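J.: With the hints as extra help, turn the sequences into a complete structure.
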Amino acid sequence: MKHNFEERRQNRQAYAEKQAEKNKEASDQLYHQAKEMASIIPLGQPILVGHHSEKRDRNYRNKIHNTFGKAFEAMDKAKYYADKAATIASNDAIFSDDPNALEKLKGKLAELQQGQAFMKEANKCIRKQDKAAFLQLHHATEALWEELNKSDSVHRKGYASFSLQNNNANIARIKKRISLLEAQSQLSTQEETINGVRLVVNVEANRVQLVFPGIPPEQQRKQLKQNGFRWSPSESAWQRHLTPAAFYIAKHLLQSFIK
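Anchor point for the sequence shown: position 197 equals 197 in our numbering, and the numbering is continuous, going up by one each time.
Watch out, some of these pointers could steer you wrong.
Quick list of in silico lysine to aspartate or glutamate cross-link-like pairs, EDC-like style, CA-CA up to 20 angstroms [claimed, not checked]:
#1 Lys175 / Glu192
#2 Lys104 / Glu25
#3 Lys84 / Glu146
#4 Lys22 / Asp76
#5 Lys24 / Asp83
#6 Lys24 / Glu73
Label pairs and their calculated CB-CB ranges [unchecked claim]:
#7 Ser179 / Pro213: 34 to 40 angstroms
#8 Arg9 / Leu43: 47 to 53 angstroms
#9 Leu187 / Lys124: 41 to 47 angstroms
Worth flagging that the hints you see were computed from the coordinates, not collected in a lab.
Small disclaimer: the values here were computed from a predicted structure and weren't measured.
Glycine included, every Cβ here is placed at the ideal spot set by N, Cα and C.
T.: So this is what it looks like as structure tokens:
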């Protein structure tokens with residue numbers, strides 16, 4: 001949520017790092033244990049079929065196999081959590097819960113728009129083979145000129161049309177997110193009670209919250225989930241991300257509940 005976004009991100013990263021370390025230690029311990037168990041069996045020693053020791057020997061070897069398996073499983077978990085921690089640390093995605101989301105999105109929009117303008121101007125220069133004009137463009141280089149003049153599989157030069165189309169789609173998507181966040185910024189924290197349930201527009205938490213006096217009936221819980229609400233133990237509320245639409249959905253939902 002907005003009021004502890006960075007703290008939660010850091011907690012997720014710390015948890016993943018701790019799990020990676022914990023599983024690596026477990027993997028090392030199990031692997032060492034399995035090797036110690038295997039070292040007791042003389043090299044090349046077969047199972048003595050029919051001997052009174054056969055059952056005990058098979059069980060012992062199965063334990064060795066299973067211990068190695070657990071070691072490799074823990075190793076896989078360690079890698080999973082290590083990768084997850086690295087992803088969290090390097091993730092530059094812009095989340096709506098980030099209190100600086102609007103500012104970051106506007107910066108991202110400016111980058112995309114500048115990129116779109118550059119690609120269009122670059123393609124004009126490529127079509128006219130006007131190298132001098134191209135090199136006047138911001139970020140243009142000799143190496144890029146050479147690269148853009150290489151024909152693709154269908155003998156086209158410059159930036160491909162799909163590059164401009166994809167970038168334009170991203171511009172439209174970012175604009176939509178900016179509009180949504182700007183609309184959300186106009187909302188104020190408010191609260192009302194409908195059918196005995198507190199409906200809270202929590203701007204600081206960036207959530208629409210429904211606080212029931214007790215556990216709602218199963219059918220109501222089902223409807224809440226179908227409408228995007230999830231139970232939050234830390235907030236003691238059913239909630240979903242704050243949007244203008246979410247408030248009206250919550251209100252309509254509560255009005256449909258019978259006291």
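J.: Give a verdict on every hint.
T.: Okay, the hints, checked on the actual structure:
{"no.": "1", "hint": "Lys175 / Glu192", "result": "violated (32 angstroms)"}
{"no.": "2", "hint": "Lys104 / Glu25", "result": "violated (39 angstroms)"}
{"no.": "3", "hint": "Lys84 / Glu146", "result": "violated (39 angstroms)"}
{"no.": "4", "hint": "Lys22 / Asp76", "result": "holds (12 angstroms)"}
{"no.": "5", "hint": "Lys24 / Asp83", "result": "holds (13 angstroms)"}
{"no.": "6", "hint": "Lys24 / Glu73", "result": "holds (10 angstroms)"}
{"no.": "7", "hint": "Ser179 / Pro213: 34 to 40 angstroms", "result": "holds (37 angstroms)"}
{"no.": "8", "hint": "Arg9 / Leu43: 47 to 53 angstroms", "result": "holds (52 angstroms)"}
{"no.": "9", "hint": "Leu187 / Lys124: 41 to 47 angstroms", "result": "holds (44 angstroms)"}
Checked against the numbered hints above, the structure violates hints 1, 2 and 3; every other hint is satisfied.
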